[in-house]
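Novice: What follows is the residue order along each chain.
There are 4 protein chains.
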Amino acid sequence: MTVDQLIHQFSNSGSFGAGRLSTACNVYEKMVRDQECTIFLALAGAVVPAGMRTLIADLIRRNLIDVVVSTGANMVHDAIEALGGHHYRGHWLMDDMVLYKHHIYRIYDVLVPEEDFVKLDCKLVDIYDDIAAKSKGESLSSSMFAWELGKRLGDSGSILRAAYESHTPIFLPALRDSEFGYIHYLHARRRGFKDALVVDAFKDVREIIEICRNSERNGMIVVGGGVPRNTVQSAALATKSGLDYSLIITMDRPETGGLSGSTLEETISWGKLKAKADRVMVIGDAMIILPIIAASVIERLGDSFKRAPKRLARNR
Amino acid sequence: MTVDQLIHQFSNSGSFGAGRLSTACNVYEKMVRDQECTIFLALAGAVVPAGMRTLIADLIRRNLIDVVVSTGANMVHDAIEALGGHHYRGHWLMDDMVLYKHHIYRIYDVLVPEEDFVKLDCKLVDIYDDIAAKSKGESLSSSMFAWELGKRLGDSGSILRAAYESHTPIFLPALRDSEFGYIHYLHARRRGFKDALVVDAFKDVREIIEICRNSERNGMIVVGGGVPRNTVQSAALATKSGLDYSLIITMDRPETGGLSGSTLEETISWGKLKAKADRVMVIGDAMIILPIIAASVIERLGDSFKRAPKRLARNR
Amino acid sequence: MTVDQLIHQFSNSGSFGAGRLSTACNVYEKMVRDQECTIFLALAGAVVPAGMRTLIADLIRRNLIDVVVSTGANMVHDAIEALGGHHYRGHWLMDDMVLYKHHIYRIYDVLVPEEDFVKLDCKLVDIYDDIAAKSKGESLSSSMFAWELGKRLGDSGSILRAAYESHTPIFLPALRDSEFGYIHYLHARRRGFKDALVVDAFKDVREIIEICRNSERNGMIVVGGGVPRNTVQSAALATKSGLDYSLIITMDRPETGGLSGSTLEETISWGKLKAKADRVMVIGDAMIILPIIAASVIERLGDSFKRAPKRLARNR
Amino acid sequence: MTVDQLIHQFSNSGSFGAGRLSTACNVYEKMVRDQECTIFLALAGAVVPAGMRTLIADLIRRNLIDVVVSTGANMVHDAIEALGGHHYRGHWLMDDMVLYKHHIYRIYDVLVPEEDFVKLDCKLVDIYDDIAAKSKGESLSSSMFAWELGKRLGDSGSILRAAYESHTPIFLPALRDSEFGYIHYLHARRRGFKDALVVDAFKDVREIIEICRNSERNGMIVVGGGVPRNTVQSAALATKSGLDYSLIITMDRPETGGLSGSTLEETISWGKLKAKADRVMVIGDAMIILPIIAASVIERLGDSFKRAPKRLARNR
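Going down the list, the sequences are from chains A, B, C and D. Using our numbering, you'd call the opening residue of the first sequence number 17 and step up by one each time. Using our numbering, you'd call the opening residue of the second sequence number 17 and step up by one each time. Using our numbering, you'd call the opening residue of the third sequence number 17 and step up by one each time. Using our numbering, you'd call the opening residue of the fourth sequence number 17 and step up by one each time.
No lab work stands behind these hints: they were computed from the structure. Hints may be right or wrong, so weigh each one.
To be verified - Below 25 angstroms or equal to it, Euclidean Cα-Cα: the simulated SDA-like pairs (lysine to any residue) are:
#1 210(D) - 155(D)
#2 256(A) - 132(B)
#3 292(A) - 104(D)
Next comes chain A alone, as it looks inside the complex:
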């Protein structure tokens, strides 16, 4: 049985999560077939450490995603792998004091050696220097910064690299909150806190708003929620018409008032999502759900399907 055949069974007879998942596949298929739609992928949570890096890089290269909005941390881990580091499968019951002594970091059941972070720090401090030199005092937006990194990472399986090569904008609205921030501190300290690279926190606001405004339609796929979901929704609000499609995968619930668990109906009240938008929220672990949706939709599209690249960025 293929993945899409299973989804069709869910579509015929499944309720609760199964019904939502089959709807999610329909919503993503519709977004993809709508060539006038700009598809935003908002990534929170430990998507890259969990092993979804290649899937996402692949979706970017196939133009099945047009814009990425991510936490800094996911791109940190993308860069770690691009520089030869690894994420290892451990166990959630491992003794963290022992791990600490052995300089191994744990993300639930994934392990990352501290030395991979050290290697990243060393390498990126130089890259920051290089970017600072090239930018000649001009501040960068988070998306310009992301492409500058992608340009300097050789690994074709990297999200940053794939985004750079395919001209896919990649926004990092909380860039500072990740190892990228600490690396900036190292970089700046080395220069006596003078003439360090400047990323202007607000500079990408205009960029993402203009992408939304220039698109006929906008769609959003969210993993988790948090800052990335909010960034896409805010940009969509600024278009004065709201998103046309929305697909969210989350484990959060609405009652405590956080954005990540808020319903898509709530989003409609803000005008960030059209009342008639195709929408669905799947309650589940994105590491299971997102690959299923991707496999099902790619199966539906068939080999001959091509989605045209968007030329969203004004310049490079």
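Chain A is fixed; fit chains B, C and D onto it per the hints.
Specialist: Below, chains B, C and D alone, put in the same frame as chain A:
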């Protein structure tokens, strides 16, 4: 029965959540009585819309919190109230299409009129102009920006104002991801995208790292998690010894790998929390849990207790 | 600050969970002041191991609860304590293989020695023999069985004892699914599987339906959900008008279709709850929430308040 | 891409939920290939209303499940469909007051017309009469009752029918807590509460214990938890060695102490699961997860694989 008497009952005979809550009160009491400890409050989720603004401003003024790290959105809502706007109690089953037509935004069971956002936009665009004028091309850190706002808000119940008046640093690591971002767009557009206010995304990294390094001990109280929790933990890592106390209130769970649900044991593997740290994670709605902890600890401290202000910021 | 003062603050300014909790106190106060209302307490989850036994026995003796519907396991643990056994505070990270070797059972962070179960088995096998002898081949309902146990337990802090002494019906719809079932096996085996005590699975259906039908109004307080919630709701349906009040404390969510997380609105569609019923679902740990509600409402009622006992059971 | 190919990808590179799901497929495959293992399926939650009836009946007929332990409600819904009733796909945002007026019951996004329940009541009251007549005053166990129902339901897609035909024991430990209880009330009332059918609550304890004891090895698959999970685990404890395999699909979490969310490590402390047992808990919606596991394992087994039926029941 007083709140603290209830907590003492939990301490004697309560298990599961009740045991965790009584431990949480002990941890916070210990942090507060440790005058050498710098207490960080990390705020994610819709804490301010839910009505906890006055409580937090009060904790800041009593020096029971030394540093605030928040999402932009919470400070946006703080500013809305400071400018005369309101959060109204609605119901989670209200019809969002109707709300949309009436220009009322919903956050679970809280309602905010669109006009309060419009008022905020108008007022803050001018304030941004003013800050830009005063800063004369110099970029600001997020904490400098927060104090500039606090300086210009007259409301004594405001978190931003309380932080400004009491010299309490307030970091907004994802500042751009909130109405503050859209307001910057309005401000910059009005100036033809020239000479707009610059907030340097990385500038506060050094500030928060130095606060951690200069403190004898560091403690963290987290509501929700997300970017604010990560920001504090990363700063603590940079001290090379990790946090001494940690108290987290969250509804997230660890299995999906997101930071907000990750256990404090996991945090130890990273060196962001000492293995011997007093720590506890309470699974529950912070709008219930945080006021209970505050009431219980304030009752324990008694009227005569005073906590000395910290002079953490290098300059103003 | 007293617990009820805190709840009044929630009532004025709290949203999300705080708003729900203040509503919950109002709903319970209303139920209690409505002398024509029969109040059902439905207990699922490890309420007794967590230390809430005395609170519940106290509510029963004050007539603030009129009927109890419980899982078998909670009454098993009630009997364990009545027979001198204990629940100890352990830690959720203890090594279960070590506990197993030391014959210690773990319920999250609560520990029960196996020997307390052995003692229970020995003692109750004799009690079963005695009940069987007294009942002379007549089958019992689960509530008759519960009273027979209560009659034979001397501990005044026991829920079973309190229910027996105060003529409070106590239904155990899944009686068999607990140590009570295994004890029955021991009892029956000792008799060569002849003339063992018979509890008629269906016999209490009529009893609980008639209690509902004979009550002017019916109210339900639920901890967790599961079989106890369903049992009360089904009885209420049989009255053809549904419950008048409902207060649920749960951590479950509705999307996966289980009863414990289903909304009270859903319950209305079945006619098990009146459309105009006072109702609220609090999302949280009952070990925290239920004591708060009880403390707040008892404070409101004051010392002089008396609630009349109901004479619900046809005979003893 | 087939479902099992996707699972193999998860096995190679997936963490968090994806890793757990791939482990779950391995555990079920191992159970199935172990012909000496008795496989228990414990069903809580609205599995049948959600459309998984045919899947489960199919697993029973293929001998991929040896024993079923279920809530009463799931078998009620199984009987409703066997008698021509239907579960319709609705929406979770439907107005429950309107549904109530139209006599339509809602289970999250599934709708059941009241008339299907009425039809069930009418039909089953007669069947109860018939069973009572045949049993001549002898009490039944829940599993004998389930087979008596299965014998009288003609629908080959029915779980009750499949269990009856394939000699698969089916235990209903909380039988009374479902429409089966109310139907018994109707049946008994029609007879003036005399000579009604008696289901002995404890009679199936011996049956399930002996199945466990007579099996070389025992394995458990749990949907949800609750009474069905507890029933299987208790029977396994009575064997004095515990389960050899365990696979749980749940959305519950451990911190509040309820059984449904308790970890399998906790189960080991009780001796209900062997310390070396193959085990995994998947956090997710069973309506998605269970069909994936079934599809993946059936694909692995191939067409030629046959699993021998067990002859577990002593008599019929």
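Novice: All hints are to be evaluated individually against the structure, with a verdict given for each.
Specialist: Structure-based check of all given hints:
| no. | hint | in the structure |
| --- | --- | --- |
| 1 | 210(D) - 155(D) | holds (14 angstroms) |
| 2 | 256(A) - 132(B) | holds (17 angstroms) |
| 3 | 292(A) - 104(D) | holds (23 angstroms) |
Hint compliance for this structure: no hint is broken.
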